[in-house]
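2 protein chains.
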Amino acid sequence: MTRSELIRQIKTKRSFLCVGLDTDINKVPAHLLGHDDPVFEFNRQIIEATADLCVAFKPNIAFYESRGMAGWKSLQKTWEILPRECFRIADAKRGDIGNTSAMYAAAFFDQQASGLGFDAVTIAPYMGHDSVQPFLAFEGKWAIILALTSNTGGLDFQTVEDRNGTPLFEQVIRKANTWGNAGNLMYVVGATRGEAFAAIRKHAPDHFLLVPGVGAQGGSLSDVCRYGMNAECGLLVNATRSIIYASAGTDFAERARQEALALQQEMEKELLNKGII
Amino acid sequence: MTRSELIRQIKTKRSFLCVGLDTDINKVPAHLLGHDDPVFEFNRQIIEATADLCVAFKPNIAFYESRGMAGWKSLQKTWEILPRECFRIADAKRGDIGNTSAMYAAAFFDQQASGLGFDAVTIAPYMGHDSVQPFLAFEGKWAIILALTSNTGGLDFQTVEDRNGTPLFEQVIRKANTWGNAGNLMYVVGATRGEAFAAIRKHAPDHFLLVPGVGAQGGSLSDVCRYGMNAECGLLVNATRSIIYASAGTDFAERARQEALALQQEMEKELLNKGII
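Protein chains in written order, with the working numbering: chain H, 259 to 535; chain S, 259 to 535.
These are computed hints drawn from the structure, not numbers from a lab.
Hints may contain errors.
Note that identical chains are pooled: a pair holds if it fits in a single copy or bridges any two copies.
DMTMM-like cross-link-like pairs, simulated, lysine to aspartate or glutamate; straight-line CA separation at most 25 Å [what the hints assert, rightly or not]:
(1) Lys285 x Asp368
(2) Lys331 x Glu299
(3) Lys399 x Asp282
Can you make the complete structure from the sequences, with help from the hints?
Here it is in structure tokens:
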């Protein structure tokens with residue numbers, strides 16, 4: 259999906275919500291456990307209940323890998339039903355030396371090779387340029403690079419300043435800006451890092467930011483918008499647990515929809531305030 | 259596998275060789291392509307030809323994921339035939355927020371959950387302590403943290419110095435030392451970084467180092483030993499392409515054995531010189 263198509267979807271749906279599909283088989287409601295593939299059935303109902311309220315879906319690959327071959331099968335089937343008008347993110351946090359990163363890029367982008375054709379993959383930048391470039395070599399696909407993450411460990415190294423006072427996450431953004439552009443690169447910035455958005459926008463005014471941490475992790479949507487929104491929105495805000503686990507009962511999909519709707523309505527206000535729609 | 263058991267294996271086999279199983283289906287010799295699962299058959303013959311010469315095997319997960327479900331099946335079958343006296347490393351370079359890293363740990367350590375029960379997983383440290391700790395929570399398993407990698411991009415961020423002149427890879431080692439110990443943590447240091455081993459040994463005198471980059475990537479085994487070996491060896495030196503792709507013909511396994519044997523013989527000399535055997 260191109261940048262302009264993504265912006266068009268945001269304006270049409272009046273939403274910049276990304277729904278995380280971090281489906282833990284131990285949290286799937288009991289009434290689904292009789293299905294052949296309860297994780298897929300759970301995802302199917304969540305997708306159906308929220309697809310008109312969000313512009314992106316983001317399965318976190320760990321939750322599928324943890325179940326080995328059975329999990330990979332759930333992922334494959336889930337990918338196949340993700341609506342094509344939604345931006346499809348493989349939250350995989352991959353990265354390796356060049357020839358190996360090319361294999362990871364094939365895993366998530368090259369449908370003929372792997373069966374999966376996501377629009378974007380999240381990438382850990384520790385190994386530098388040749389770990390990222392193979393993802394950028396895929397026309398029309400995106401690399402989403404970890405910059406400042408939402409977890410407590412995000413402060414262990416990402417905010418350490420170099421001799422010039424530049425924190426690591428800013429070094430990452432500055433360097434990565436030279437590897438790609440606002441049409442094939444995004445950055446992950448945790449919603450819990452409200453105060454850092456201004457600094458990040460200085461270095462990446464046009465890039466989309468993928469923002470996890472709203473909801474269960476405690477980040478504030480209005481802070482994220484105040485400091486992070488640009489003239490074309492420039493934000494994909496992810497919520498996972500607050501949506502997909504809103505209820506553990508037979509009403510899980512309906513409750514997921516209510517949670518997604520509440521976020522979409524907040525987002526619509528932000529888009530209106532900013533004059534984007 | 260415990261640290262003392264690993265050391266015993268090194269002394270018994272007079273080797274600290276790790277054979278990388280980065281099996282690219284496009285490089286599998288033509289005569290194997292008629293097999294049900296050519297990647298597994300290739301691995302089976304490589305393992306059989308080299309198991310007495312090495313102490314560890316290290317499939318790089320990217321090469322399996324790139325083939326989707328079929329690749330995951332090859333990985334599963336390969337894991338099942340890895341000799342139990344060998345240290346089995348999933349080279350996956352994973353890492354995510356705490357609850358998600360726990361899923362990755364299950365993917366590679368928890369045989370009941372995923373079908374796989376590796377001894378160790380490689381981890382990218384960008385996301386800090388809570389991305390690593392779930393791996394250390396598994397008794398008898400190891401986290402192998404990227405410190406200074408062998409690729410050119412390894413110099414983009416890993417050697418950037420903080421205000422005190424400490425490069426990032428040393429910050430990683432110092433901090434990670436507080437999360438685990440020499441019995442459950444190793445560090446990845448590229449063989450191409452000969453000069454850095456002395457600095458690393460200052461901070462991690464007892465830890466094992468996993469050293470890729472000998473062979474195709476141009477690192478020198480004797481330099482690695484000169485600066486990196488400790489009194490109990492403390493090294494697992496990986497070679498992949500120089501061994502598994504030594505020949506593209508029907509003699510590929512025999513040639514792989516010759517290459518592994520040459521490295522084992524060099525390693526035996528180093529172990530003798532150091533008085534370890």
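Task: Ascending list of hint numbers which this structure does not respect - done: none
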